[in-house]
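Student: Knowing the structure of chain A, use the given hints to seat chain B on it.
There are 2 protein chains.
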Amino acid sequence: MAIAAKMKLFIDKGSMIRKMFEEGARLRKIYGADKVYDFSLGNPNLPPPASLRERLAAVAKADESGLHAYMPNAGLDETRAAIAARAGADHGVALAGEQVVVTCGAAGALNIIFKALLDPGDEVIVPTPYFVEYGFIADNHGGALKPVPTLADFALDVGAIEAAMGPKTKIVLINSPNNPTGQIYSAESLARLAEAMTRRGRENGRDIYLVSDEPYRRIVYGGAQVPSTLAAYANSIVATSYSKDLSLPGERIGYAAVNPAAADLGDLMGALILANRILGFVNAPSLMQKVVAGIGNACVDVSLYQRKRDLLAEGLRKSGYDFALPPGAFYLFPKSPTPDEGRFVEILKEENILVVPGSGFGSPGYFRIAYCVDDKVIEGALPGFERAMKKAKAAG
Amino acid sequence: MAIAAKMKLFIDKGSMIRKMFEEGARLRKIYGADKVYDFSLGNPNLPPPASLRERLAAVAKADESGLHAYMPNAGLDETRAAIAARAGADHGVALAGEQVVVTCGAAGALNIIFKALLDPGDEVIVPTPYFVEYGFIADNHGGALKPVPTLADFALDVGAIEAAMGPKTKIVLINSPNNPTGQIYSAESLARLAEAMTRRGRENGRDIYLVSDEPYRRIVYGGAQVPSTLAAYANSIVATSYSKDLSLPGERIGYAAVNPAAADLGDLMGALILANRILGFVNAPSLMQKVVAGIGNACVDVSLYQRKRDLLAEGLRKSGYDFALPPGAFYLFPKSPTPDEGRFVEILKEENILVVPGSGFGSPGYFRIAYCVDDKVIEGALPGFERAMKKAKAAG
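Quick mapping for you: the protein sequence lines, in order, are chains A and B.
To convert, note that position 335 of the first sequence is 335 in this note's numbering; the numbers rise steadily by one, no gaps.
To convert, note that position 383 of the second sequence is 1383 in this note's numbering; the numbers rise steadily by one, no gaps.
One chain only, chain A, in its complex shape (with noise of 0.2 Å):
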């Protein structure tokens, strides 16, 4: 065999999906692209704030000399400073620059954290459900991921993972407002988690981390708020991006910060700057680091998002699916009307709907919804969400 034993295995796990995308472009085909009714995809379909559109034409023609130059493996100065200037007052905490390594993405992110933290055989734990690609990158370096489920409507099941953390356990990994939910984890059961994790840190002799992935920060509704995880516990991560706030998926442009209160400061930015440069980031796109430098405060129109959701929540209800109205991010998680949910999901195909099954999330039972796509694919499918409710229901 040509390639890693691994990867011929994640291939071969991954082809699922793959699939699902090949039977998009199949039914696309034959259907035409505008009665097929895709929400697969977390792709943004807003478009970047004009003010962000007009800073990247205005940074692209001044053609400053040492604009796309090699930098400090953690980044520019000046976009540093201007991210934890953002992030300090999002989360409530005096941020300096020296405190943030520039990324490409929350992906690049948490690869880098990982790389910094984990030794081999440590463990994340992850609440359920959870973003796919979380175990391929504990994997990458070494770590496993820890699954544990949360209690209804997807709150954190502090007890739960209090039980889970050996010690083994390096990380506990959050993702909110979350992929696939769209849940928010409330301040208090924060506070409840950080307890729990200075106590069993403390029992094993180790710190534990708390890493939270929180690119949907800006996506909420109804004035929802989420509460700040750097201000809950010491020894904390945020790993972030641009991608949905500013809708920048494709330009890798996030960042790491890391409490200023966290044990061993300097040896974790020095190995989280070091894992930067040896895992082949060597510095986020620098173009864009100058773009988002003087960004400020600029965000997509959210209401749209809004919109989108109750359009799509209204529809569905009235069909009788059973779901939680989440208050953020872009994806609704209803559960599933057939007890498997790969069948339901089999279904929606023939009314040309694709989704994805809660399995890839840890979660069987449900199937995501990813809604950030135009209204009319919205209402052109809501009559196949019913037509597909009643058939399940009719095969009982």
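Hints listed in this document are in silico derivations from the structure and should not be mistaken for laboratory results.
Given the structure is predicted, the values throughout are model-derived calculations rather than measurements.
One or more hints might be untrue.
Unchecked claim - Pair by pair, the computed Cβ-Cβ distance ranges are: (1) B:Ala1152 - A:Lys61: 49 to 57 Å; (2) B:Val1302 - A:Arg26: 42 to 50 Å; (3) B:Asp1301 - A:Gly205: 56 to 64 Å; (4) A:Asp77 - B:Ala1187: 42 to 50 Å; (5) A:Arg28 - B:Phe1021: 49 to 57 Å; (6) A:Ser186 - B:Asp1077: 38 to 46 Å; (7) B:Ala1152 - A:Glu98: 43 to 51 Å.
Ideal placement from N, C-alpha and C gives every residue a C-beta, glycine not left out.
Tutor: Just chain B now, with coordinates in the frame of chain A:
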């Protein structure tokens, strides 16, 4: 300890280079920036070609829909096709876009190639001297670097490489034009290397891959040609970037191009694309992909680097330095006049001249001068180089 044990080790090991940066900053503060001659970094000082800057401004201004969106992990179709045409012409091999993965620079390309190919404990053979980063990249993915010395003038010692290829050997990694020597491996030596790799691969019952890191392919002088690795050997992969030929190192745009004749081509491409995703790159930055897709054969003005090389070489020869005039890249790699080159690097530092000891490239007894700097830095440093040589000789 907070961070992973291995990262702690790497940080402590790497601190010599950090100390050099700090030393440079310290010297600049004392003597002024124009009195410090920093040849330590391979950061291209030429601006990107005018056509690149124009195209970037145009793409940014056009603000095409979907410009910043997620895309297939392998890159934009148009970018892959443009790269295949350019790399195919460079290598005299018919390449299609399907054999290309657009990456975050050559370092990103090497990381996904090693991730795709290496099983735990596999060996990567590299001729010395070599870019220090290779050791980290092999280690990231469970592999081990096995350096093999070169011959006079740093030509490939194919016999030594063949002797070093054992049952654990999965990759032979070459870098031509070479960092730090600027030498180009001859077509004849590549042909013999290919024979040796085929022979050993057959004996070991396991294909050995030739990985060619070649970001300096277009930075060559006096009509020098860089022989094709893809034409020489079927199981071959090019890892490269636009960092040097377009002076864009901060933008992180490069690619991996796989020989269409490689064994298990489908699996190999699948593994590279999956690795690009799960290592957190996801895709190379989208805006810059659009830019390089239309850049044709643009290149920085190489004659300016040649002038720098000749200016430096002539001055050093007059002062009695011993080196082979390199036909490519922007480095000189002279012999140290003292047996311990660390000592001579210190003597140069007394002249406010910063260079990198050869030990950092696996070749003690030499030192690297990166001459991608302003002409006046070279001119200003020559008297210091002369005095340092006299001091070294006087010290005997």
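Student: Tell me if the beta carbons of A:Ser186 and B:Asp1077 are separated by a distance inside 38 to 46 Å.
Tutor: For B:Asp1077 against A:Ser186, whose Cβ atoms are near 45 Å apart, the range 38 to 46 Å holds.
Student: Has the hinted range 56 to 64 Å been met by the Cβ atoms of B:Asp1301 and A:Gly205?
Tutor: holds, 60 Å
Student: Starting from the hint 42 to 50 Å, judge whether the C-beta atoms of B:Val1302 and A:Arg26 obey it.
Tutor: holds, 48 Å
Student: That 42 to 50 Å hint for A:Asp77 and B:Ala1187 (C-beta), does it hold up?
Tutor: holds, 46 Å
Student: When you take the CB atoms of B:Ala1152 and A:Glu98, is the distance between them in 43 to 51 Å?
Tutor: 47 Å Cβ-Cβ, so the 43 to 51 Å window holds.
Student: Return holds or violated for the Cβ distance of B:Ala1152 and A:Lys61 against the range 49 to 57 Å.
Tutor: For A:Lys61 against B:Ala1152, whose Cβ atoms are near 51 Å apart, the range 49 to 57 Å holds.
Student: Taking the Cβ atom of A:Arg28 and the Cβ atom of B:Phe1021, is their distance within the range 49 to 57 Å?
Tutor: About 53 Å separates the Cβ atoms of A:Arg28 and B:Phe1021, which means 49 to 57 Å holds.
Violated hints are absent here; each numbered hint is respected by the structure.
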